[in-house]
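Here the protein sequences line up with chains S and L, keeping their order.
Residue 17 in the numbering used here sits at position 17 of the first sequence, with consecutive numbering throughout.
Add 1000 to the 1-based position in the second sequence for the numbering used here, that's all there is to it.
Honestly, the hints are just simulated from the structure, not real lab data.
Worth double-checking, as some hints may not be accurate.
Claimed, not checked - Cut-off 25 Å, straight-line C-alpha distance, at most; resulting in silico cross-link-like pairs (DSS-like, lysine-lysine): (1) S:Lys49 / L:Lys1044; (2) L:Lys1027 / S:Lys42; (3) S:Lys42 / S:Lys58; (4) S:Lys113 / S:Lys42; (5) S:Lys68 / S:Lys58; (6) L:Lys1071 / S:Lys42; (7) L:Lys1062 / L:Lys1044; (8) S:Lys49 / S:Lys68; (9) L:Lys1071 / L:Lys1051; (10) L:Lys1027 / L:Lys1071; (11) S:Lys49 / S:Lys69; (12) L:Lys1062 / S:Lys49.
Stated by the list, open to error - The following label-pair restraints were derived from C-beta to C-beta distances: (13) L:Val1012 / S:His39: 21 to 27 Å; (14) L:Gln1080 / S:His10: 34 to 40 Å; (15) S:Ser52 / L:Glu1018: 40 to 46 Å; (16) S:Ser30 / L:Gly1059: 40 to 46 Å; (17) L:Gln1080 / S:Glu66: 20 to 26 Å; (18) S:His39 / L:Thr1102: 14 to 20 Å; (19) L:Pro1070 / S:Ser70: 31 to 37 Å; (20) L:Ile1055 / S:Ser9: 30 to 36 Å; (21) L:Ile1076 / S:Ser52: 44 to 50 Å; (22) L:Pro1070 / S:His10: 39 to 45 Å.
No residue lacks a Cβ here, since even glycine has one placed at the ideal position from N, Cα and C.
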Amino acid sequence: AQSVTQLDSHVSVSEGTPVLLRCNYSSSYSPSLFWYVQHPNKGLQLLLKYTSAATLVKGINGFEAEFKKSETSFHLTKPSAHMSDAAEYFCVVTNYNQGGKLIFGQGTELSVKP
Amino acid sequence: NAGVMQNPRHLVRRRGQEARLRCSPMKGHSHVYWYRQLPEEGLKFMVYLQKENIIDESGMPKERFSAEFPKEGPSILRIQQVVRGDSAAYFCASSPDRGRETQYFGPGTRLLVL
Chain S
1 AQSVTQLDSH VSVSEGTPVL LRCNYSSSYS PSLFWYVQHP NKGLQLLLKY TSAATLVKGI
61 NGFEAEFKKS ETSFHLTKPS AHMSDAAEYF CVVTNYNQGG KLIFGQGTEL SVKP
Chain L
1001 NAGVMQNPRH LVRRRGQEAR LRCSPMKGHS HVYWYRQLPE EGLKFMVYLQ KENIIDESGM
1061 PKERFSAEFP KEGPSILRIQ QVVRGDSAAY FCASSPDRGR ETQYFGPGTR LLVL
């Protein structure tokens, strides 16, 4: 069975300061991991994905995430927050040998203060 | 290349009516996934379809819900005799192959049951 735990339901940062959104996963198989972002009343946009290549993954808009197998973590970071980063972020796990359905975390709401 | 399209974007139904949600995958994509997002929750997998076939419906409620992806035309998620608990955002995603391909999401249909 696979699952994802996002450790913070809400994170608040000031503009220009670093962002850290935490995610731990559980998977019986080699997982593929994703971060998606959802702006209010919008669809989901892929930020980045890990599929067993480099453990440090760079995504769009300056975000990156590091896959740490020993810690079963896939935390999302950004060096400097921008007001436009305010949104809901979802950590997602899947295993394509199991059909490819995505398993979502509960989400972390990121607020950015001016 | 147009993205995943969903319509309607908003749908209001009274209890007992039927809701039909449509999803047109990206051009060249033959795999469609439906997810439901209840208020204040992450997305939950419902069903995975290929053209004319249901591959995995393990997330579908046992009654009132059905899905199809015909040879021609969009994928349809059908909810019969809607109840207030069906109020949610329904997202469709498509991918070109069930291998290690990313799922691309549509903007969602927000269903409100009065």
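Self-check item: Broken hints, by number
Solution: 6, 12, 16, 17, 19, 21
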